[in-house]
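Residue numbers (my numbering), protein chains in the order written: chain A, 121 to 486; chain B, 121 to 486.
By construction, these hints were calculated from the structure, which means they are not laboratory data. Keep in mind that the hints are not guaranteed to be accurate.
Copies of the same chain are indistinguishable here, so a pair counts whether it falls within one copy or spans any two.
Think about it this way: if two alpha-carbon atoms lie no more than 25 angstroms apart in a straight line, the pair counts; the simulated SDA-like pairs of lysine to any residue are [unchecked claim]:
no.	residue 1	residue 2
1	Lys235	Gln340
2	Lys235	Ser339
3	Lys138	Gly383
4	Lys238	Val290
5	Lys138	Arg164
6	Lys138	Pro152
7	Lys443	Ser165
8	Lys389	Ile402
9	Lys235	Asn358
10	Lys138	Val151
11	Lys228	Arg166
12	Lys235	His342
13	Lys228	Ser165
Number of protein chains: 2
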Amino acid sequence: MLTANELNFSGGPGALPKSVLTMVQQAIDSVPEVGLSILGISHRSRWFADVLAETEQNIRDLLSLPDSHAVLFLQGGATLQFSMIPMLLLSGSNKTAEYIETGYWSHKARVEAEKEGKVTLLWDGMKEGLDHLPHNADLAFSADAAYLHYVSNETVEGVQFHEVMGRDDVLRVCDMSSDFLSRPIDVNRFDIIYAHAQKNIGPAGVTVVIIRKSLLTRSQDHFPAMLDYRNHLKAQSNYNTPPVFSIYVVLLISRWLKNDIGGLANMAKINAEKAAALYRVIDESNGFYRGFAAVENRSLMNVVFNLATPALEADFLNYAASKGVSGLAGHRSLGGIRASIYNGMTLEAVQYLCQLMAEFSAKTSA
Amino acid sequence: MLTANELNFSGGPGALPKSVLTMVQQAIDSVPEVGLSILGISHRSRWFADVLAETEQNIRDLLSLPDSHAVLFLQGGATLQFSMIPMLLLSGSNKTAEYIETGYWSHKARVEAEKEGKVTLLWDGMKEGLDHLPHNADLAFSADAAYLHYVSNETVEGVQFHEVMGRDDVLRVCDMSSDFLSRPIDVNRFDIIYAHAQKNIGPAGVTVVIIRKSLLTRSQDHFPAMLDYRNHLKAQSNYNTPPVFSIYVVLLISRWLKNDIGGLANMAKINAEKAAALYRVIDESNGFYRGFAAVENRSLMNVVFNLATPALEADFLNYAASKGVSGLAGHRSLGGIRASIYNGMTLEAVQYLCQLMAEFSAKTSA
Numbered sequence: 121m122l123t124a125n126e127l128n129f130s131g132g133p134g135a136l137p138k139s140v141l142t143m144v145q146q147a148i149d150s151v152p153e154v155g156l157s158i159l160g161i162s163h164r165s166r167w168f169a170d171v172l173a174e175t176e177q178n179i180r181d182l183l184s185l186p187d188s189h190a191v192l193f194l195q196g197g198a199t200l201q202f203s204m205i206p207m208l209l210l211s212g213s214n215k216t217a218e219y220i221e222t223g224y225w226s227h228k229a230r231v232e233a234e235k236e237g238k239v240t241l242l243w244d245g246m247k248e249g250l251d252h253l254p255h256n257a258d259l260a261f262s263a264d265a266a267y268l269h270y271v272s273n274e275t276v277e278g279v280q281f282h283e284v285m286g287r288d289d290v291l292r293v294c295d296m297s298s299d300f301l302s303r304p305i306d307v308n309r310f311d312i313i314y315a316h317a318q319k320n321i322g323p324a325g326v327t328v329v330i331i332r333k334s335l336l337t338r339s340q341d342h343f344p345a346m347l348d349y350r351n352h353l354k355a356q357s358n359y360n361t362p363p364v365f366s367i368y369v370v371l372l373i374s375r376w377l378k379n380d381i382g383g384l385a386n387m388a389k390i391n392a393e394k395a396a397a398l399y400r401v402i403d404e405s406n407g408f409y410r411g412f413a414a415v416e417n418r419s420l421m422n423v424v425f426n427l428a429t430p431a432l433e434a435d436f437l438n439y440a441a442s443k444g445v446s447g448l449a450g451h452r453s454l455g456g457i458r459a460s461i462y463n464g465m466t467l468e469a470v471q472y473l474c475q476l477m478a479e480f481s482a483k484t485s486a
Numbered sequence: 121m122l123t124a125n126e127l128n129f130s131g132g133p134g135a136l137p138k139s140v141l142t143m144v145q146q147a148i149d150s151v152p153e154v155g156l157s158i159l160g161i162s163h164r165s166r167w168f169a170d171v172l173a174e175t176e177q178n179i180r181d182l183l184s185l186p187d188s189h190a191v192l193f194l195q196g197g198a199t200l201q202f203s204m205i206p207m208l209l210l211s212g213s214n215k216t217a218e219y220i221e222t223g224y225w226s227h228k229a230r231v232e233a234e235k236e237g238k239v240t241l242l243w244d245g246m247k248e249g250l251d252h253l254p255h256n257a258d259l260a261f262s263a264d265a266a267y268l269h270y271v272s273n274e275t276v277e278g279v280q281f282h283e284v285m286g287r288d289d290v291l292r293v294c295d296m297s298s299d300f301l302s303r304p305i306d307v308n309r310f311d312i313i314y315a316h317a318q319k320n321i322g323p324a325g326v327t328v329v330i331i332r333k334s335l336l337t338r339s340q341d342h343f344p345a346m347l348d349y350r351n352h353l354k355a356q357s358n359y360n361t362p363p364v365f366s367i368y369v370v371l372l373i374s375r376w377l378k379n380d381i382g383g384l385a386n387m388a389k390i391n392a393e394k395a396a397a398l399y400r401v402i403d404e405s406n407g408f409y410r411g412f413a414a415v416e417n418r419s420l421m422n423v424v425f426n427l428a429t430p431a432l433e434a435d436f437l438n439y440a441a442s443k444g445v446s447g448l449a450g451h452r453s454l455g456g457i458r459a460s461i462y463n464g465m466t467l468e469a470v471q472y473l474c475q476l477m478a479e480f481s482a483k484t485s486a
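Bound-form chain A, shown alone (with noise of 0.2 angstroms):
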C-alpha cells in the first residue's frame, strides 16, 4: 500500500524517500549521535561540523568531485546564484555573458545577469518554442564569453539537456536544480554548478554551490558579505547560522543515495525506468495524452503533458486524487499536468501513476 507522501508528484519541493522521512522525523526528538532535537542544536557544535564534513564528502563521492572543485551549502536559493554567478564572472567585465534561454527559469536567470554586465542570447526559447532545445550545433559559441550559463532541466516545460552544452575553452556554468545528483555528470568540465535542494536532494532551503576553486581568487571584497563565495568556503559553509535543518536532511539523502541506491549510475537507471514508463503511458494513448515536450528533449525529472482540454485535465487531477495521488497540477504558468517523478520517487508509485492514467483514459474514451 503506497503512502500519500510516496504518491506526491510535486514539482517542488518534492517528496523524499520514505527512510529518509523516518529519520527526519526521529531528529526532531533526538538525534541519535546527540541526543537532542535538530532544531537546538548548535552550529558551532561538533557534530554539526561532522555533518557538513560528511555531507560534503558524500556528494564528492557520489560525482566523482576532483579536488579543483570546492562544494558550498548556501541560502538564498537558485535564485540568489542568478546574481551572485554574474556578481563575480561578469561584473566589471567588458567580455559578454552567453545564456542559454530554454524557459522560465533560465529567463529568470538572464534577467539578474544583466544588471550585471554584458549579456547575449544565444537561443530564446520564448520564439523558437519551449517544447524543445537546442543542439550544440546550432548555437554560435563564441571564444570570447565570459561563461555560458544554461539551465540542464526545466521542471516547468519538462525539457532537459542529454548533452553537455558549449565549449570547453570557456567558463561553464549550470543550473541542475532540478536534475542535481539524478545521474552522473562529468564535473571536470564544469566551472560552476548549482543546484536548491528541494527536487532531489532534500528540503526548501538550502543550495549547493559546486565551483572550481581557482575562480576565487577573482577580488570580492566589495560584495555583500554573504555574496562573497570565499567567506563561506574559509568557514566551510559555517560563516553565519547556517540552515541547519536543511542540511542535515541532504546529508541523509546523500547516504540514502550512496548505500540505499548505490550510486548515481543506479539512480539513473532508475529514474530512466520511471520516465520510460510514463512517457509509453502517453505514447500509446493514441493522442489522449499529450506529451509536451520534443521527444529528445523529454525531461526524466518532469513529465508534462496536456489532455484534450482544460475541462477533462481537471476531471482527470480530481480521478487521481481519488486514487491518493497528489502535485499533479502543472506549473501556473504553463498549466496542464506535470508529474515529478524526482529521486524520491518511487519506480513502484510511477507504475501506480501509470495505471490510473490508463483507467482514466479508457473510462473517459468508453
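Keeping the supplied structure of chain A fixed, place chain B upon it in accordance with the hints.
Positioned in the frame of chain A, the structure of chain B alone reads:
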C-alpha cells in the same frame, strides 16, 4: 522529569517548546490539514499561502503592528540584513549612518555598512568595554544621519538595551535577532527591525524583517532580485521557494505565544522571572559565579558569567552535563559560561539549573 531538549541552554539555534516539537514531528510525516509531509508540500499551495498569512497576522497581533509596517520572511540570516539595509538606506547617499557597536554582532553589522557608504561609530564597545552599554545621553546623535543602527541584545556578551536608542526624527534600525518577541516593543518608533529565527521564534533558515513600507519606494532596480525588498513584499514572502519548513515552525511558535503564553506581556514576565532567578544565584554566590555584564545592562536572554578559573569552568560544565544540562559553554570568542534562556526555555528548567549551580558551588567551596 525534564528532558534533554528542555535542559538545552544553547545560545542558538535555541531550544523550542516541547509542544511545538511534538507538532513538528507530526508534520514531518503529515501536516494534519494536508495529509502530506511538510517537506513535500508546494510553496505555491493554498495551504502554504495560508501559513504565510497566519504567521504574519500572528506577529502583527503580538506586536500590535501598525499598517505602516510590512512583515517579510527572508533567507540569509541577520548577516544578509547587515548588507541589505545599508544598500537600501545608505548607498548613493551623502549622509552618514550611525552605528552603536556594543559587541560581536553589532561590529559585524558596521563592517558591512562601511562597504555601502559613510559610517560613524557613536560608541566603540571594543574601547569602552563590552560588559556595559551606553545611555542615550552618552551618545552624540545627529539629526542628519541616514539612520541609526543598534543591536538590542548582544548574544555573545549577554548585554541588552532596556531603553529605545536614538532620536525619533532619524530612521531607527534594530537587530533584534536574540530578543525578538521576548517582550512587547513600540514598533512605531522603529523603521526596520530584523531577527533571524533561531533564538526565540524557530529554527535557523528564516529571518523576519519588519520594515516601514514607505522606505520601499526607494529604487532597488539595480540590486540582485533577492536583495530587493520590493520583490519579497509584492510576492508576500513567496518570491522564490521560501524555507517552507522553517516558516511553518515560526507559525507554530507564533500560535504558542498567542494561545499558550497569552501574548508578549506574559512572555516578558516569564522571561524576567527566569533571568532574575539565575542572576540571583550569581549575586548570592559570594563571587563564586561572576556575572559578565554590568547589572543595569544584564540580558534577560543570555546570562553570561565566569568562574574563578577556566579549569573550574570546565568542571562546572562537566557537572552540568552529568545532570543532563547542555549548551552552557560560552561563545567561542569570549569563553566562560552562557545560559541562554530564550522564550522556549521554561522557568522549571531554569530553576533546575539554579539548583545545580548552588550545589556545584557548595560542593566546590566545601
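Comparing the hints with the structure gives:
Taking identical chains as interchangeable, the C-alpha atoms of Lys235 and Gln340 lie at most 25 angstroms apart whether they share a chain (17 angstroms) or sit on different chains (11 angstroms). With identical chains, the CA atoms of Lys235 and Ser339 are at most 25 angstroms apart both within one copy (18 angstroms) and between copies (14 angstroms). Taking CA atoms no more than 25 angstroms apart as the test, Lys138 paired with Gly383 passes inside one copy only; the shortest distance there is 18 angstroms, against 38 angstroms between copies. Taking CA atoms no more than 25 angstroms apart as the test, Lys238 paired with Val290 passes inside one copy only; the shortest distance there is 16 angstroms, against 39 angstroms between copies.
Proximity of Lys138 and Arg164 under a CA criterion of 25 angstroms is satisfied inter-copy only: 23 angstroms between copies versus 29 angstroms inside one chain copy. For the homomeric pair Lys138 and Pro152, the shortest alpha-carbon distances inside one copy (18 angstroms) and between copies (18 angstroms) are both at most 25 angstroms. In this assembly of identical chains, Lys443 and Ser165 lie within 25 angstroms of each other by CA distance solely across copies; the values are 20 angstroms between and 45 angstroms within a copy. Proximity of Lys389 to Ile402 under the C-alpha cut-off of 25 angstroms is restricted to the intra-copy arrangement: shortest distance 20 angstroms within a copy versus 63 angstroms between copies.
Proximity of Lys235 and Asn358 under a CA criterion of 25 angstroms is satisfied inter-copy only: 22 angstroms between copies versus 29 angstroms inside one chain copy. In this assembly of identical chains, the alpha carbons of Lys138 and Val151 lie at most 25 angstroms apart whether taken from the same copy (18 angstroms) or from different copies (15 angstroms). For the identical chains of this complex, Lys228 and Arg166 are inter-copy neighbours only, at 24 angstroms across copies versus 39 angstroms inside a copy, given an alpha-carbon limit of 25 angstroms. Proximity of Lys235 to His342 under the C-alpha cut-off of 25 angstroms is found in both arrangements, the shortest distances being 16 angstroms within a copy and 6 angstroms between copies.
For the identical chains of this complex, Lys228 and Ser165 are inter-copy neighbours only, at 21 angstroms across copies versus 37 angstroms inside a copy, given an alpha-carbon limit of 25 angstroms.
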